[in-house]
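Chains E and V supply the protein sequences, listed in that same order. Note that my numbering has the first sequence beginning at 98, numbered continuously upward. Note that my numbering has the second sequence beginning at 4, numbered continuously upward.
Don't read these hints as lab results, they were simulated from the structure. Please note that the accuracy of each hint is not assured.
Restricting the straight-line Cα-Cα distance to at most 25 angstroms, the calculated cross-link-like pairs of lysine-lysine (BS3-like) are [as the list claims (entries may be wrong)]:
no., chain 1, residue 1, chain 2, residue 2
1, V, Lys117, V, Lys173
2, V, Lys119, V, Lys175
3, E, Lys194, E, Lys104
4, V, Lys159, V, Lys233
5, E, Lys162, V, Lys427
6, E, Lys162, V, Lys431
This one's a predicted model, so the numbers in the text were calculated from it and none came from an experiment.
Chain by chain, the residues run as shown.
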Amino acid sequence: MKIFSNKNFVAWYFVFPVAFIHLFVIGIPSLASLALCLTDWRGLGEINYIGFENFIELFDDRYLKKAIINNVIWTIAFLTVPVGIALTCAYLLTGIKRGQMFFRLAFFFPYMLASVINCQIWKYLFHPIHGLGGFFERIGWDFLAVSPFTMKSTSLFAVAFVDGWHFWGFLVVIYLTGMYQVDNHLYEAADIEGATKFQKFRYITLPMIRPVFVFSIMIIIIWSVPVFDYVYILTGGGPAYSSEVIANYMYSQAFERFDVGYSSAIGTLMFFYVMIIVALFGLFRKAGWDI
Amino acid sequence: MIRTIISFASVIILSTSFSALAKTKVTWSMESNADRDPIMIEKLQNAYNNSQDNHELVIEFEDNETRLTSMRTAMIGGMGPDIVETPGPSYVKEYHAAGMLENLDSYAAEFGWKDKMIPWAYSSGVFEGSLYAIPKTHESMVMLYNKTLFEENNWKVPTTLEELEDVAGKIKAKGMNVFSYGSDGWQPTHEHLVGIYLNNYAGPQAVYEAIIGEREWTDPVFVEALELLKKHMVDEGYWSGSLENYYAIGWDDFHAQFANRGAAMMTIGTWTFQATQLGIGASDDEWGWAPLPSLSSQSPDPNFMIAIGTTMSVNANGKNKEGAIDVLNWIMSNKDKVLDIAKDFEFGEMVVPLTLSSSDIPTDIAPQVQDYLSEYARITGEGNYGYCTWTFWPADPGVHIWKDMEVVWAGDISVEDFLYDHQKMWDKARKNGDTLPVPLRN
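Just chain V, same shape as in the assembly:
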């Protein structure tokens, strides 16, 4: 009897070992985040590994800046992870130009990825006619507001410039800041605001034309847009009370400021939903969201700026390309699993741009987020979408738009001179073929 049990156990152990050995390792270098990592392990890595017997996904978490440098070095040396995660299309462009990414066209055709994805998001990964990247998360900019505070004071959520300036005056009169936001710890925060003013003053159509080279960035409409931003930022101190405070305040501070009524509103990306829910969501006040107000008659309708947060590609020199493709296809084919991950982040992370119907939206997330997802789908579906700088700007002008904006705010150069430099950078990027994919406008 004992002999039989031992034989039986040996067979189980051996078969388990062989099955583990038979699995080929797929590596994925991912941005580290203490709150996010356990969910990614449980709901992505383990879920994938339990779903099949051929590959073993191993996610390696690392601080993003270190990760990007070490991944780049490894890839130059012909190595690197099987799944290449980048912070956006401008990085994909660099890797693609160096021939380091696998062409995904045949897999996209075989597995029907194009039909599963939101069209603009799919096209953001198409370089020189072929697919090289799939967005891991897509996002937009919104305006959050303290709903309780607005109701208490009978303030109207602004939808136009006039309404914004009117309510801003009332908020300031109460001793509060208009918007809670700051750039400490992440200097590119400025580009969020620049993007809002370009799209909501000049309008998405004008921005689109400038991106594709049919309009100059020196056009008066862009000058006016950035003059208005300068006025609101420097003269009015809309963000955290003053330009200096805006520079001094970081992520935790501006969430705290919004949660404790230091500010009445916040202009921010949708990646914040979870933090907002944990911040003001945990207080006695209720929060709401709204599309960013229209800032001129050139942009009369509400729009959502579209953006890619992170991308996934396959390393052309990876050891297990087949496994990497299989992981991507698992993500593309398991909408419920992906939505379950996004749900844990209140749709602030891992929002893979899969086409969703209203019934797909989970009901156990914050009602504000549910509402946002429906509105986002409706408004962008009607073609009312703008363009975030970090997704559609090539590297050099992409840095210029935020880094040198400080010079404008400091009054060292005029908006005209800034945009003149900006146009020159776009010209150079266009000449060098560094421009990024942009979806055709309806």
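Excised from the complex, chain E in its bound form:
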């Protein structure tokens, strides 16, 4: 009985309610979903075990391959554009004494809006009749005459742009928090040495916010895997699968084609992919990375 009053055990009392809920809401359904990938279940009725048939089909599915490639492009895009802009803006904001709160709020505002609202705003802006395209056309310019959401060559980037637009403000807040933790004496010393603003950023700010930065990279990589809402609302993965991503494809298989077994197989792939990323970051941490 002594073990239950042990100081180390007390923490488990606090964790237990959440762990219990997680077990039923996430744990068991996730395990069931993993099990379904070996079946031909159609969402209703009989469940038949079919071994690895779904996985064999997966490797032959050209649209899934397309979706995976798009997810990779999406991840790269998010690791570069919003991160770059957010770092720059956060750094510039640290130098602003007056009205900083206004900019912080302005940058963060899209993140507070529901994805449906963000999507509708940009859909209207890019609308060929009511949007900027229609406006420019009326004054004789051909600029944006075609919505980038409806062109095969631009749809993925257009959706990523909208999602990135809503997301980068969140990164600004994270980076800004990290930057305020940096000891001011370091900057003062650098000023005495005659360092430029860029040098201070490169040799002081960036190394000092590394834990926050690496964390942001990790969440971007992980969050890029189940990206769904912006794609679903703006393009539905089209045109011609040009903006298709894994989660949207999985949704289509389960709820349009009623192929829940196959959809679970896609989900299983996503699960292992995320696990690998988490494991990699775990390894980095063990290797002494400050994350």
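Keeping the supplied structure of chain E fixed, place chain V upon it in accordance with the hints.
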């Protein structure tokens, strides 16, 4: 005196309460629509509830996508509404295969439902020889045109491919779009067009043969049909001016485009009649409709594609099956009430496929709709009907036909390759017993 009044009032209140308590609740999960819901409450729920003392119908409205998911989850758990409303036979098939729907054979026989319904519509709910669903609404595809505009320009409403291409050239020369239509907000819109080209180029007989497995979808006639659609869509930009604009334009936009002379015609389902009447019907222009033109000599006669919009079934695990049957029978037995509901939607919704005579058609609806109803009955009655994809295609090929059509239009795969994949999906569906009921052709 006061005591007498109180006693009398108590008796009335008690008897009313008992009568309310005695009523058993019948639940119906229905697709929500802000314009439609009040009419459904007034003319279906309240009308039914006032007609009898045994059951109380309660319609629960919900966004369709959410509704379908929550209803499915509830039914897997052995619960769900008493009346199961689905978007079409492919859904009924899934529920039926899972044993979740009540066999309606005995009720159909007892109440004579078969005789009250259009034969093809009745058979669309027959799975493995038994009735499991009744269509709540049936529909077709038509071609709408701006009658005033056509008269002003002496254009002829096209009935053949040559006439269509001829008038399309003239319309484009006037700076207008040929057809107003788009898929924004509803990606499966593509299947409306695919269905038109399959039926009106290859012909309903060829489509029927492919559905029942007597002809391959890779047959050259289907290849030609979809090549023609690709030409009209991608090369000619018939719909909203270009493929990209077609993708960008949604329901409100294409109705506005048609109403304000941005386009001269519109290919659309009959569910649009009310919106058309409120759109172009409210402008200075008059609208007309016509059967979709024949696109080849293989489909020389005008035909109407038949389709089921929504179905009604009884939940096998429902709490009040008897009540659910009673509601369905009320619908089947009260033609005047059902027509009164359909009338409010200009026969775009709640068009239960009951057999009608010309005298049944209300006179206080748009004359175009009256005319359509007569023509539809005449032409389909002669056996000239085609097949809409969302009613006769199993789930997997049913999604493929619209989703992957974009890949064809994008030029990523050929029509031949697309139809090869399509045939493979049909083969798989046939092997798994996933095909849907199709009425025998005369």
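| query | Against the structure shown, which of the earlier numbered hints fail to hold, in ascending order? | reply | 1, 2 and 3
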